[in-house]
Amino acid sequence: ALALLPARCLRRLSLLPPRLLPAPSRGLSGPRGGPPSALPLGRRVAVVAAVGGAAGGAWLYLRARKERERRERRRRELRALALGQGDFQLVDHRGRPRCKADFRGQWVLLYFGFTHCPDVCPDELEKLSRAVELLDRDAALPRVQPLFITVDPERDDVAAVGRYVRDFHPRLLGLTGSPEQVRAVSSAYRVYASAGPKDEDGDYIVDHTIIIYLLGPDGLFLDYYNRSKTADKIAESVRRHMESYEPLLD
Amino acid sequence: MSAPTMEERKACWAARDEFWRCLDTHTEDAPRCEKLRRSFESLCPQQWVKYFDKRRDFLKYKEKLETEGFHPAETDGKS
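Protein sequences, first through last, are from chains A and B.
Just so we're aligned: the first sequence equals residues 1 to 250 in this note's numbering.
Just so we're aligned: the second sequence equals residues 251 to 329 in this note's numbering.
For the record, the hints were derived by calculation from the structure and aren't laboratory data.
Watch out, some of these pointers could steer you wrong.
Said to hold, decoys possible - The calculated lysine-lysine pairs, modelled on DSS-like cross-linking and capped at a C-alpha distance of 25 angstroms, are: (1) 312/B <-> 300/B; (2) 310/B <-> 300/B; (3) 285/B <-> 260/B; (4) 304/B <-> 198/A; (5) 229/A <-> 312/B; (6) 260/B <-> 310/B; (7) 304/B <-> 285/B; (8) 300/B <-> 314/B; (9) 300/B <-> 285/B; (10) 229/A <-> 310/B; (11) 260/B <-> 229/A; (12) 198/A <-> 260/B; (13) 300/B <-> 198/A.
Bound-form chain B, shown alone (with noise of 0.2 angstroms):
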């Protein structure tokens, strides 16, 4: 299986981009996003999916701890 050429590449971060303004819209609301979803996930390998869902989490994370800080999960008892 080669390599996406450019314009491959360039199809996929296009419908990424598209998914991920959806969500952005929708707050992460996924069933809304549906057709740009499956539509994202023809136009890229599926590692390519698998390797952009985690970068969205990880960003996600990332706005999540720059905007309401880290809490560190509180343990019950002691003090």
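Just chain A, with the same shape it has in the complex (with noise of 0.2 angstroms):
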């Protein structure tokens, strides 16, 4: 039984008196076996319990306690980087004027994007309506609305976003807006876009940030996926999400 317990716990041990330990060379052989004083063979196992119990216990309420505080420090992160406070005002693709307060009370994955993509937000937002698949087969959880915002306003007006996300999750909303109210959306969540050079025909590509974003019925931004995050591992973490949420601004 010695063997099973941790270091600590048997530097302990040594500190009791020697005779509550066992006779080392002769194992537990009862009373009549070890010195005179020994304790008995159910007595030390007890002793031994014992220990091994309480040195169980505060091991496990360590981790838990630290895994508490390593939750609250993400919770004091993201409340100081607040991302995506402040509202949006933008349009839907059925032209139907859309703020950030509409969304309050739902789990939102987000995606800034644009139509003339040519092969990285198809995937992502391929990716994004599998994990809402994912999400919607469990009956328990909050549905999830995914949303695609356009970085690329000068082309992208209702008409292309609504031809654009048609092709996803029938969920998926897609938001436009003028330049100025796109360009305030973009930063209010950090999020890098740069059109790049046009060719003849005007058309051009637009270098921008490849992130999936995960809000919380706050408003406030919970968790990032890049591209490397499988449409499983995304589901997996906003399940996670769900289950331990608090709301981060009181």
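Could you fit the two chains together into a complex? Lean on the hints.
Following this line, the structure appears as structure tokens:
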């Protein structure tokens, strides 16, 4: 039984008066086998079990406390960052005005992109759609709202965004607006976007941050997923956030 | 000029992949793959062709780094 105890427990055991420890080379042979002053086997096992239990309990408590502290630290960081604060005024792909308050109370997976995007945006939106589908399968979880916001308002008007989002998850909502409105929401979410040079057709590629953001029901950023995160990993992470959610701002 | 639809995107990607497969088989011997190159250029917007060409260069460079390692350009003279 001694071999099962962590090192610190063995150290503590060695501080006990010698006669409480089993005699080393004799094994646990009971009262007749050991020196006259040794405790009976049952008592020795009980001591080891009690010490082991206390040590195990202490370890579990410390581990839980460390986990709590890590979560608290993360919440402090997220609160200080307060990414995505402030309102936005955009228009959805059906022409309805939308502001941030419209999404309060909902979990949102948000992707910034543009409809003339060669490959990355379709891939990421495909992935986002798949993650939402996976989460939809669990009836106990709140429905996630997938959101696409364009970083190319000059070309991506309501009609263009409408044509684009049709190819992905049925709940995917596309948002666009004036260049000022789009700039405001991009900077609120610290999204980098830079239009490249135009060719003779006037076509251009917009270089931009490739990230899927998770927003909690209070509208603030909770997590992000880059290109390397699979749909399964994203769904798993969103589920974990939902299960441990506490509002960031009071 | 409106953005490519999903069908157009997929057609472009398929043409690109065929072209790249040809380049892989003939070790970047572009003249051999001329027909596929023309098909790729006709099915993809010009900006995308440029973008995918750059991407191909990058992927090949990355592959080279991974197999041969990085050799900074040699300077002459001083040690």
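TODO: Check each numbered hint from earlier against the structure, then list the numbers of those it violates in ascending order.
DONE: The structure conflicts with no hint, since it agrees with every one listed earlier.
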